[in-house]
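*Asks:* All chains should be built: construct the whole structure from the sequences, respecting the hints.
Residue numbers (the numbering used here), protein chains in the order written: chain C, 218 to 419; chain F, -13 to 69.
Keep in mind the hints are simulated off the structure, nothing from the lab. Incorrect hints may have been included.
With a Cα cut of at most 20 angstroms, we get these calculated DMTMM-like pairs of lysine to aspartate or glutamate [stated by the list, open to error]:
| id | chain 1 | residue 1 | chain 2 | residue 2 |
| --- | --- | --- | --- | --- |
| 1 | C | LYS405 | F | GLU(-10) |
| 2 | F | LYS65 | C | GLU226 |
| 3 | C | LYS327 | F | GLU(-10) |
| 4 | C | LYS292 | C | ASP256 |
Pulled from the structure, derived: some chain F residues nowhere near chain C, Cβ distances all over 12 angstroms [stated by the list, open to error]:
| id | residue |
| --- | --- |
| 5 | ALA10 |
| 6 | ARG13 |
| 7 | ASP14 |
| 8 | PHE16 |
| 9 | GLU17 |
| 10 | ARG18 |
| 11 | SER21 |
| 12 | ARG38 |
Glycine residues also receive a C-beta, built at the ideal position from the N, C-alpha and C atoms.
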Amino acid sequence: MLVALCAREERAFVALVDAYGAGMRRFALTFVRTPAVADEVVQEAWLAVLSGVDRFEGRSSVKTWLFRIVSNIAKTRAVREARTVPFSALETDHEEPAVPADRFFGPDGKYPGGWIEFPQSWSERPEVKLEAAETRAVIASAIETLPPAQRLVISLRDVEGWPAGEVCNVLDVSETNQRVLLHRARSKVRAALQRYFVGEGS
Amino acid sequence: MSVELTCQELVELVTAYLEEGLSARDRDRFERHLSYCPGCVTYVEQIRETVRLTGEQAREETLAPEARTELLAAFRTWKHAAL
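*Replies:* Here is the structure:
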């Protein structure tokens, strides 16, 4: 496809846009968060793709190459606008437990490190909370409030369904780091669902 | 026989477990804990359910027609500039 693009074939360009365009826009939105800026980022990214296609060496997959371009441009924009926390550090921050420590027995408790009370199952939730649209809204707002790196990783892995390796390549993070970010993100989204479904602290 | 996992430790290993990133020894400890701890079984189920529900988030599957048209115009400009 890229060979055809190098040959300036319009159908090759259209095929790329249709295959990745919408995904690139959603990806840009995880960085900059306003649709107008995301559109500009994506537009700029496609221009960069056209400028760079003759020099693309196929060392990564086309998809990885495209999304890295978007990520570079989006990061620059996000920093310039001070709209989001700089992404320079896709580092993991301080330790945050998946479940608050006070949900478990302390070292001198009856069962050290064991649940004081088991988490309440979601299958017993009121029927009204089976509404898919509201559940989606709860998840969306939980993702929205995550630190940027966690938000990005959970969006790519669990919303977009990318495999771990692709996320590592595009974001340039180690496998371990990717997993820690995903873990923190999923734990918090689960906690938000728990509060919504059964109204309990953990 | 290795030391048993506590519930508090298990909840921190769930993602590694689901990603098949645990060593054989830790996976065994993890699964052994689940075999007798209903609280952790519930927790792991909830994480799986969280992943499933997160996968149902709405996604814009197509570009706006105007955006697509603009890109095509950019392509044509690029093509002619390069000729």
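*Asks:* Against this structure, judge whether each hint is valid.
*Replies:* Taking the hints in turn, this is what the structure says about them:
1. Our distance criterion of 20 angstroms between C-alpha atoms is broken by C:LYS405 and F:GLU(-10), whose separation comes to about 26 angstroms.
2. Taking the CA atoms of F:LYS65 and C:GLU226, the gap is about 9 angstroms. The hint holds against a cut of 20 angstroms.
3. Our distance criterion of 20 angstroms between C-alpha atoms is met by C:LYS327 and F:GLU(-10), whose separation comes to about 16 angstroms.
4. As the CA atoms of C:LYS292 and C:ASP256 are separated by approximately 14 angstroms, the hinted pair is consistent with the 20 angstroms bound.
5. At the 12 angstroms boundary, the C-beta of F:ALA10 stays outside the reach of chain C, the nearest C-beta of that chain being 18 angstroms off.
6. No beta-carbon of chain C comes within 12 angstroms of the beta-carbon of F:ARG13; the shortest separation is about 15 angstroms.
7. No beta-carbon of chain C is positioned within 12 angstroms of the beta-carbon of F:ASP14; the least distance is around 18 angstroms.
8. Every CB of chain C is more than 12 angstroms from the CB of F:PHE16 (nearest about 14 angstroms), matching its label as outside the interface.
9. Separation of F:GLU17 from chain C is adequate, the least Cβ-Cβ distance of about 17 angstroms exceeding the 12 angstroms criterion.
10. At roughly 15 angstroms from the closest C-beta of chain C, the C-beta of F:ARG18 stays outside 12 angstroms, upholding its exclusion from the interface.
11. With a minimum CB-CB distance of about 15 angstroms to chain C, F:SER21 clears the 12 angstroms threshold, and the non-interface call stands.
12. Look at F:ARG38: its CB is around 9 angstroms from the nearest CB on chain C, not clear of 12 angstroms, so calling it non-interface is violated.
Comparing the model with each numbered hint stated earlier shows that hints 1, 12 do not hold.
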